[in-house]
Amino acid sequence: MSEPTSAPNARPDAGDAGDVEDGEAGGIAAGDATTRERSVAGVRRKPEQDPLFEYLLRLGDDRLVLGHRLSEWCGHGPILEEDIATANVALDLVGQAAQLLKLAGVVEGKDRDEDALAYFREGVEYRNCLMVEQPNGDFGYTMLRQFLFDAHSLLLWEVLATGQHPALAAIAAKAIKETRYHVRHSSEWVIRLGDGTGESHARVARSLLELWRFTDELFERDAVDDAVAKLGVVVDTAGLRSRWDTMVEDVLTRATLAVPTGIAMQSGGRRGRHTEHLGHLLATMQIVARSHPGARW
Amino acid sequence: MAPDNKPKPAAGEEPWPLWEVFTQGDQGKPFEHAGSLHATDAEHALQNARDVYARRGEAVNLWVVPSAAITASAPGDAGPFFDPGNEKAYRHPQFYKVPRGVRVF
Amino acid sequence: MATPAKTPPPAPPADDPALVAAFEARIAAGESIEPKDWMPARYRKQLTRMMAQHAHSEIVGMLPEGNWITRAPTLRRKMSLIAKVQDEAGHGLYIYCGTETLGVERDELVEQLHDGRAKYSSIFNYPTLSWADMGVIGWFVDGAAIVNQTVLAKASYGPYARAMVRICKEENFHKRQGYEICATLAKGTPAQRAMLQDAIDRFWWPSLMMFGPSDKDSPNSAELLRWRVKRKTNDELRQRFVNLTVPQAQAIGVTLPDPDLRFNEETKNWEFGEIDWAEFREVISGNGPCNRERLAARNAAHAEGAWVREAALAHAAKRHRTTEAA
Numbered sequence: 000m001s002e003p004t005s006a007p008n009a010r011p012d013a014g015d016a017g018d019v020e021d022g023e024a025g026g027i028a029a030g031d032a033t034t035r036e037r038s039v040a041g042v043r044r045k046p047e048q049d050p051l052f053e054y055l056l057r058l059g060d061d062r063l064v065l066g067h068r069l070s071e072w073c074g075h076g077p078i079l080e081e082d083i084a085t086a087n088v089a090l091d092l093v094g095q096a097a098q099l100l101k102l103a104g105v106v107e108g109k110d111r112d113e114d115a116l117a118y119f120r121e122g123v124e125y126r127n128c129l130m131v132e133q134p135n136g137d138f139g140y141t142m143l144r145q146f147l148f149d150a151h152s153l154l155l156w157e158v159l160a161t162g163q164h165p166a167l168a169a170i171a172a173k174a175i176k177e178t179r180y181h182v183r184h185s186s187e188w189v190i191r192l193g194d195g196t197g198e199s200h201a202r203v204a205r206s207l208l209e210l211w212r213f214t215d216e217l218f219e220r221d222a223v224d225d226a227v228a229k230l231g232v233v234v235d236t237a238g239l240r241s242r243w244d245t246m247v248e249d250v251l252t253r254a255t256l257a258v259p260t261g262i263a264m265q266s267g268g269r270r271g272r273h274t275e276h277l278g279h280l281l282a283t284m285q286i287v288a289r290s291h292p293g294a295r296w
Numbered sequence: 000m001a002p003d004n005k006p007k008p009a010a011g012e013e014p015w016p017l018w019e020v021f022t023q024g025d026q027g028k029p030f031e032h033a034g035s036l037h038a039t040d041a042e043h044a045l046q047n048a049r050d051v052y053a054r055r056g057e058a059v060n061l062w063v064v065p066s067a068a069i070t071a072s073a074p075g076d077a078g079p080f081f082d083p084g085n086e087k088a089y090r091h092p093q094f095y096k097v098p099r100g101v102r103v104f
Numbered sequence: 000m001a002t003p004a005k006t007p008p009p010a011p012p013a014d015d016p017a018l019v020a021a022f023e024a025r026i027a028a029g030e031s032i033e034p035k036d037w038m039p040a041r042y043r044k045q046l047t048r049m050m051a052q053h054a055h056s057e058i059v060g061m062l063p064e065g066n067w068i069t070r071a072p073t074l075r076r077k078m079s080l081i082a083k084v085q086d087e088a089g090h091g092l093y094i095y096c097g098t099e100t101l102g103v104e105r106d107e108l109v110e111q112l113h114d115g116r117a118k119y120s121s122i123f124n125y126p127t128l129s130w131a132d133m134g135v136i137g138w139f140v141d142g143a144a145i146v147n148q149t150v151l152a153k154a155s156y157g158p159y160a161r162a163m164v165r166i167c168k169e170e171n172f173h174k175r176q177g178y179e180i181c182a183t184l185a186k187g188t189p190a191q192r193a194m195l196q197d198a199i200d201r202f203w204w205p206s207l208m209m210f211g212p213s214d215k216d217s218p219n220s221a222e223l224l225r226w227r228v229k230r231k232t233n234d235e236l237r238q239r240f241v242n243l244t245v246p247q248a249q250a251i252g253v254t255l256p257d258p259d260l261r262f263n264e265e266t267k268n269w270e271f272g273e274i275d276w277a278e279f280r281e282v283i284s285g286n287g288p289c290n291r292e293r294l295a296a297r298n299a300a301h302a303e304g305a306w307v308r309e310a311a312l313a314h315a316a317k318r319h320r321t322t323e324a325a
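Residue numbers (numbering that gives the first Met the number 0), protein chains in the order written: chain F, 0 to 296; chain P, 0 to 104; chain A, 0 to 325.
No lab work stands behind these hints: they were computed from the structure. There may be inaccurate statements among the hints.
[Stated by the list, open to error] Derived pair list, reagent style DSS-like, types lysine-lysine, alpha-carbon separation capped at 30 Å: (1) F:Lys-176 to F:Lys-101; (2) A:Lys-168 to A:Lys-35; (3) A:Lys-168 to F:Lys-109; (4) A:Lys-267 to A:Lys-35; (5) F:Lys-173 to P:Lys-28; (6) A:Lys-35 to A:Lys-153; (7) P:Lys-28 to F:Lys-176; (8) A:Lys-231 to A:Lys-215; (9) A:Lys-118 to A:Lys-35; (10) A:Lys-267 to A:Lys-153; (11) F:Lys-173 to F:Lys-101; (12) F:Lys-173 to F:Lys-229; (13) P:Lys-28 to A:Lys-35; (14) A:Lys-35 to P:Lys-87; (15) A:Lys-186 to A:Lys-174; (16) A:Lys-168 to F:Lys-173; (17) F:Lys-229 to F:Lys-176; (18) A:Lys-186 to F:Lys-101; (19) A:Lys-168 to A:Lys-118; (20) F:Lys-101 to A:Lys-174; (21) A:Lys-174 to A:Lys-267; (22) A:Lys-267 to A:Lys-231; (23) A:Lys-168 to P:Lys-28; (24) P:Lys-28 to A:Lys-153; (25) P:Lys-28 to P:Lys-87; (26) A:Lys-215 to F:Lys-176; (27) A:Lys-317 to A:Lys-267; (28) A:Lys-267 to A:Lys-168; (29) A:Lys-153 to A:Lys-174; (30) F:Lys-229 to F:Lys-101.
With these hints in hand, go ahead and build the complete structure from the sequences.
Shown next, in the form of structure tokens:
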């Protein structure tokens with residue numbers, strides 16, 4: 000990861016030893032004005048050095064974190080059949096994440112494999128969207144989030160499969176098949192619960208209002224997206240949002256749910272600005288690996 | 000369907016219907032009974048069957064049938080149903096002689 | 000729960016001795032019994048009890064391992080563990096379906112599990128305290144299950160035997176992944192080796208208890224054997240497990256917590272020390288370290304899933320009406 004880890008060293012005067020530490024009492028009235036200004040003025044975050052690496056982390060982290068969340072259901076689902084189905088989706092997502100992070104490691108070229116990237120990055124270095132890190136809530140919340148994510152994921156994989164990065168296009172081609180099934184599974188549940196009983200409808204309707212604030216982030220574009228588009232890795236994302244809107248509206252309508260309006264959006268995950276939930280998720284996920292540095296498992 | 004006189008679960012919850020699952024192991028192969036599962040409707044049963052009985056690539060096609068829709072022969076029928084079939088040797092090719100000299104028939 | 004409110008099943012009519020004789024002749028001839036075949040009421044009852052216990056064990060067995068899915072130390076291990084716990088759900092499901100062929104609904108059995116009437120394997124009432132437990136459970140517990148189930152795949156009741164064939168295939172993956180974890184830890188850092196040895200020390204004796212009481216104290220054994228619901232005695236299976244496991248322990252350089260363990264040249268058996276049956280009885284009667292937690296987790300999942308199951312049924316009914324009307 001070049002961005003956050005390299006930021007502290009990126010001070011133009013990093014080699015100019017002593018000017019910060021010399022300000023003995025926390026810098027109050029220490030040194031002349033120029034030194035004070037120089038010591039406090041950091042650098043603005045620069046656009047990512049390697050956009051492809053960054054982009055692969057985004058894809059991989061989304062799936063790792065969501066797969067992790069889904070796997071928390073294992074053994075606690077509403078019925079045995081669903082324990083098995085949910086585990087299947089979790090397995091696909093973690094599998095996709097492993098491939099994407101492995102590829103990210105290769106692109107980065109610093110000898111980090113998928114496990115190094117999964118287990119030895121801090122929360123602020125994670126690049127997943129906020130939606131996937133939210134706690135599971137009830138089964139309806141989990142399925143609704145899954146559907147919102149799956150729908151986007153399927154459309155994105157279809158685009159990535161036509162991209163000019165062969166390794167990523169190959170991952171995408173395989174993932175399309177898996178994700179088609181995920182959409183089928185999660186959309187059916189949204190419809191069942193939305194158009195089920197009064198209680199189930201009320202619960203999913205509440206979850207929809209809760210989750211909607213994280214949906215715009217799925218479509219956010221920044222310099223990284225522009226750069227990978229220029230590389231030909233991702234082509235033609237233009238219609239993604241409208242295709243997603245159509246898909247989601249169709250399912251929500253069948254679920255007798257209305258597309259929420261006027262909800263203030265939240266984002267930041269792509270830059271490492273997460274909700275507080277991610278830290279706890281990672282603390283659990285990384286505890287064994289980090290307690291035994293250098294160990295093999 | 001047989002009259003439903005089974006005791007209901009105490010919570011008063013109605014269980015999901017039972018379905019029988021048949022898997023086709025490979026293109027062109029017959030469908031075989033794999034087991035059963037619970038689901039609320041046919042599409043749901045198909046999805047569950049895929050996860051429960053085909054997660055190791057055991058099937059290229061699936062059938063799901065409501066268990067209640069299956070009519071089975073009774074064990075008491077075994078004699079009258081199947082024994083007569085055993086005696087009709089003329090249904091099998093070995094019953095017929097092919098003249099000498101015909102090598103490939 | 001509402002146990003007293005349930006009408007007790009009517010006492011089974013005494014079985015016709017001629018039918019019983021014919022049934023036992025079929026069993027002796029190695030025939031397989033199918034759901035609609037005539038069977039003695041006791042056979043049906045014993046079979047249901049045994050299958051239900053087995054299914055419950057698979058379902059409760061998801062919990063101690065599910066406990067470590069979120070902490071698996073590599074992505075590969077995480078996937079293996081999810082797949083394994085998922086298989087356990089599958090195994091429970093296959094066997095519950097087997098009981099349904101005997102006319103006992105899954106919900107009824109699940110209810111018996113949830114209110115504490117039904118039994119399940121004692122081993123799952125022990126806590127999983129370190130990552131090494133995932134290795135040791137796969138190696139010992141699934142190893143023991145394979146020893147048991149390979150024999151059950153030849154059981155006289157067709158649906159049970161067929162479920163067991165499917166399950167045995169899948170259990171082999173479980174045991175291997177467990178043993179691989181152990182072998183890796185055994186070659187690892189001192190902390191990893193200590194973690195492994197500790198897990199072995201905690202799980203060895205409970206694993207031996209999994210085979211159930213000694214046959215002289217096992218009330219159901221004789222009948223189950225005669226009807227080929229079981230094919231080998233508890234003690235025979237336990238000995239087979241020990242004989243298989245000791246060399247595997249030697250191969251990875253760990254010890255088993257039994258000073259009496261020694262090889263008998265004559266019988267070619269690894270003899271082992273006395274099992275603490277008092278502990279076993281405590282655990283199966285509900286006083287093991289995790290009995291309450293396990294049942295609480297199952298009950299919570301079931302209760303929290305009620306609205307989901309109900310909604311799915313309601314939706315299917317609506318959809319059905321729409322298609323009818325169309």
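Outcome of the hint check:
For the proposed pair Lys-176 of chain F and Lys-101 of chain F, the alpha carbon gap of about 20 Å is at most 30 Å, so the pair holds. In summary, the hint linking Lys-168 of chain A to Lys-35 of chain A is supported, as the alpha carbons are separated by about 27 Å, within the 30 Å threshold. Taking the CA atoms of Lys-168 of chain A and Lys-109 of chain F, the gap is about 41 Å. The hint is violated against a cut of 30 Å. The hinted pair formed by Lys-267 of chain A and Lys-35 of chain A fails the criterion: a straight-line CA distance of about 44 Å is larger than 30 Å.
Between Lys-173 of chain F and Lys-28 of chain P the CA atoms are separated by roughly 26 Å; this keeps the pair inside 30 Å, and the hint holds. With a CA separation close to 19 Å, the supplied pair Lys-35 of chain A and Lys-153 of chain A stays within the 30 Å bound. A hinted pair counts as satisfied when its Cα atoms are at most 30 Å apart, and Lys-28 of chain P with Lys-176 of chain F qualifies at roughly 24 Å. Taking the CA atoms of Lys-231 of chain A and Lys-215 of chain A, the gap is near 14 Å; set against the 30 Å cutoff, the hint holds.
For the proposed pair Lys-118 of chain A and Lys-35 of chain A, the alpha carbon gap of about 27 Å is at most 30 Å, so the pair holds. Proximity of Lys-267 of chain A to Lys-153 of chain A is assessed by CA-CA distance (about 25 Å); at most 30 Å being required, the pair is judged to hold. For the given pair, Lys-173 of chain F sits about 16 Å from Lys-101 of chain F by alpha-carbon distance, which is consistent with the 30 Å threshold. Of the pairs offered as hints, the one joining Lys-173 of chain F and Lys-229 of chain F holds, with about 24 Å between alpha carbons and a cut-off of 30 Å not exceeded.
Proximity of Lys-28 of chain P to Lys-35 of chain A is assessed by CA-CA distance (about 28 Å); at most 30 Å being required, the pair is judged to hold. A hinted pair counts as satisfied when its Cα atoms are at most 30 Å apart, and Lys-35 of chain A with Lys-87 of chain P qualifies at roughly 27 Å. Under the criterion of a C-alpha separation no larger than 30 Å, the hint pairing Lys-186 of chain A with Lys-174 of chain A is consistent with the structure, at around 19 Å. Straight-line distance between C-alpha atoms of Lys-168 of chain A and Lys-173 of chain F comes to about 27 Å, which keeps the hinted pair within the 30 Å bound.
Proposed proximity of Lys-229 of chain F and Lys-176 of chain F is supported: the alpha carbons are some 27 Å apart, at most 30 Å. Taken as a hint, the Lys-186 of chain A and Lys-101 of chain F pair is honoured in the structure, with Cα atoms around 25 Å apart against an allowance of 30 Å. Note on Lys-168 of chain A and Lys-118 of chain A: the hinted pairing holds, with a Cα-Cα distance of about 25 Å set against a maximum of 30 Å. In summary, the hint linking Lys-101 of chain F to Lys-174 of chain A is supported, as the alpha carbons are separated by about 28 Å, within the 30 Å threshold.
Simply put, Lys-174 of chain A and Lys-267 of chain A have alpha-carbon atoms about 24 Å apart, close enough for the 30 Å limit, and the pair holds. A C-alpha spacing of about 18 Å is found between Lys-267 of chain A and Lys-231 of chain A, which places the hinted pair at or below 30 Å, so the restraint holds. For a cut-off of 30 Å, the pair hint linking Lys-168 of chain A to Lys-28 of chain P stands: about 21 Å separates their Cα positions. As the CA atoms of Lys-28 of chain P and Lys-153 of chain A are separated by approximately 26 Å, the hinted pair is consistent with the 30 Å bound.
Taking the CA atoms of Lys-28 of chain P and Lys-87 of chain P, the gap is near 28 Å; set against the 30 Å cutoff, the hint holds. With a C-alpha separation of about 56 Å, the suggested pair Lys-215 of chain A and Lys-176 of chain F falls outside the 30 Å cut-off, and the hint is violated. With a C-alpha separation of about 66 Å, the suggested pair Lys-317 of chain A and Lys-267 of chain A falls outside the 30 Å cut-off, and the hint is violated. Distance restraint check for Lys-267 of chain A and Lys-168 of chain A: the Cα-Cα separation of roughly 28 Å lies within the 30 Å cut-off, and the hinted pair is therefore satisfied.
Between Lys-153 of chain A and Lys-174 of chain A, the direct Cα distance comes to roughly 21 Å. Compliance with the 30 Å bound is thereby established for this hinted pair. Taking the CA atoms of Lys-229 of chain F and Lys-101 of chain F, the gap is near 23 Å; set against the 30 Å cutoff, the hint holds.
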